[in-house]
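There are 2 protein chains.
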Amino acid sequence: MLNRILLTVAYDGSNYFGWQKQSNKNIQTVQGAFENALSKFFKTDVTCIGASRTDRGVHALGQRVVIDIDTTVPVDKIPLALNPFMPEDIVVNNAVIVKSDFHPRYDCIKKTYQYKIYNGKFRNPIFRKYSEYCSFYLDENKMDTAAKAFKGTNDFKAFAASKNSSKTTVRTIFDIHVKREYDFVIITVTGDGFLYNMIRIMAGTLIMAGKGQIDYNDIKNIIESKNRNNAGKTAGPNGLTLIEIKYDFG
Amino acid sequence: MLNRILLTVAYDGSNYFGWQKQSNKNIQTVQGAFENALSKFFKTDVTCIGASRTDRGVHALGQRVVIDIDTTVPVDKIPLALNPFMPEDIVVNNAVIVKSDFHPRYDCIKKTYQYKIYNGKFRNPIFRKYSEYCSFYLDENKMDTAAKAFKGTNDFKAFAASKNSSKTTVRTIFDIHVKREYDFVIITVTGDGFLYNMIRIMAGTLIMAGKGQIDYNDIKNIIESKNRNNAGKTAGPNGLTLIEIKYDFG
Chain D
0 MLNRILLTVA
10 YDGSNYFGWQ
20 KQSNKNIQTV
30 QGAFENALSK
40 FFKTDVTCIG
50 ASRTDRGVHA
60 LGQRVVIDID
70 TTVPVDKIPL
80 ALNPFMPEDI
90 VVNNAVIVKS
100 DFHPRYDCIK
110 KTYQYKIYNG
120 KFRNPIFRKY
130 SEYCSFYLDE
140 NKMDTAAKAF
150 KGTNDFKAFA
160 ASKNSSKTTV
170 RTIFDIHVKR
180 EYDFVIITVT
190 GDGFLYNMIR
200 IMAGTLIMAG
210 KGQIDYNDIK
220 NIIESKNRNN
230 AGKTAGPNGL
240 TLIEIKYDFG
Chain R
0 MLNRILLTVA
10 YDGSNYFGWQ
20 KQSNKNIQTV
30 QGAFENALSK
40 FFKTDVTCIG
50 ASRTDRGVHA
60 LGQRVVIDID
70 TTVPVDKIPL
80 ALNPFMPEDI
90 VVNNAVIVKS
100 DFHPRYDCIK
110 KTYQYKIYNG
120 KFRNPIFRKY
130 SEYCSFYLDE
140 NKMDTAAKAF
150 KGTNDFKAFA
160 ASKNSSKTTV
170 RTIFDIHVKR
180 EYDFVIITVT
190 GDGFLYNMIR
200 IMAGTLIMAG
210 KGQIDYNDIK
220 NIIESKNRNN
230 AGKTAGPNGL
240 TLIEIKYDFG
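So the protein lines, in turn, are chains D and R.
At position 14 of the first sequence (counting the first as 1) the number is 13 in numbering that gives the first Met the number 0, and the numbers step up by one without a gap.
At position 230 of the second sequence (counting the first as 1) the number is 229 in numbering that gives the first Met the number 0, and the numbers step up by one without a gap.
Be careful, since some hints might not be right.
Since the list gives no way to pick out one identical chain from another, each pair is judged satisfied if it fits inside one copy or across any two copies.
Taking lysine-lysine and the DSS-like style, the derived pairs with C-alpha atoms no more than 25 Å apart in a straight line are [unchecked claim]:
1. 178 / 232
2. 178 / 120
3. 225 / 150
4. 245 / 120
5. 210 / 225
6. 76 / 120
7. 120 / 109
8. 245 / 141
9. 225 / 24
10. 232 / 128
Quick caveat, the hints were computed from the structure, so don't treat them as lab data.
If we strip away everything but chain D, and leave its shape as in the complex, we get:
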């Protein structure tokens, strides 16, 4: 019997051109590598649907992926059984059976991302692929205060890349905060969804707030302007990690 199984997947995005499979098979994507491993393990061609199309260089701890499979492996044993087939930068951490009409993207209630900025005095090569480097000392309290301007339901047109193809640019940010952990400044944001490059543009804008160039009211005005040119730069992909995706069952 075919079961729809929802997997929770973590990956280091450094060596991939993003999640989404490309028509050019020479382009290494997480989805491509993931489907290869699944197909080897289940000894049949397996395709999957990811909840979030993370960009090139973006990481994930809580990506959610659906597969339809007829297998005798008990669902709770799937992660341990699958992982030896995965490349070392992809790990399956959980598997549950879901309804046959469940969709990981459309049924999602909220998503949480983190954006990490390395804000030490010196460049740190160890974190170069997992953070954005900023040598100018950022005031994380100013950033946290300014970040609250994003909260609530807003038209985030000013924070969408021109490539954005969503029907509506209205999104709801449930929570956003900025804190310092040693040399890292970490932005954590939870919303019902995000436009193309939205979090990276928010991060670029909050870096300006951390430098004292703009504040809460300026961000309110940028949102209202609906003009991408008024927001900050698109911060690099390496700082971004998909942390968690929530459904009504967890």
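Model the placement of chain R on the given structure of chain D, informed by the hints.
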């Protein structure tokens, strides 16, 4: 005029067979890559002496390296000028002129290393090259208490790999502590020097303490036994980072 210059160097050791240059030039080492970059920048063959011979897979934030060079570049401008010549996983963060008879290894007063254990419920591919994974929940307080057994001047023969070639196995540990930061358990240790694999064997032994298998008194007894077989396993290299090396001038 030839000046002896002391550089502070950070590197991600993931892609190297350790610091020390090998006779086989096909083996990528940090020292080899570093000397290549120096030679290109100064347009002459440059050799260097590192303070610590970090192993394959071990990282450094505060390696110290000495070169003898005749250059018109002001010493404080050397890091910024050199970095574009370095591979992306090696960064020069400081440069000072030292006496011509200064030796980065023999003149060292103390060294600080960190050993990072990823102790989350799930494997995290993002940190796979920068931490040791342990799925069993470690009690960091038990580890911290047990770690104090290492403090002081001791014969650490039980904590040296058989390959160790030091004349004496007596070393002084000035300070050692263990703390938890979210899913990481971090051992920080400062000493006048360390035997071959010493910190990794200490980490393997402290992991046993974190599981409740041994305590402070057991570690005292292991030290006294001077028998490598009584200590824990050698923990993997990826968790180890050279943090700082101190001289009488800083």
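We went through each hint and held it up to the structure:
no. : hint      : verdict
1   : 178 / 232 : within (21 Å within a copy, 37 Å between copies)
2   : 178 / 120 : both (17 Å within a copy, 24 Å between copies)
3   : 225 / 150 : within (16 Å within a copy, 61 Å between copies)
4   : 245 / 120 : between (37 Å within a copy, 18 Å between copies)
5   : 210 / 225 : within (23 Å within a copy, 55 Å between copies)
6   : 76 / 120  : between (45 Å within a copy, 16 Å between copies)
7   : 120 / 109 : between (35 Å within a copy, 22 Å between copies)
8   : 245 / 141 : neither (29 Å within a copy, 35 Å between copies)
9   : 225 / 24  : neither (37 Å within a copy, 57 Å between copies)
10  : 232 / 128 : within (19 Å within a copy, 30 Å between copies)
Violated hints, in rising order: 8, 9; the structure is consistent with all others.
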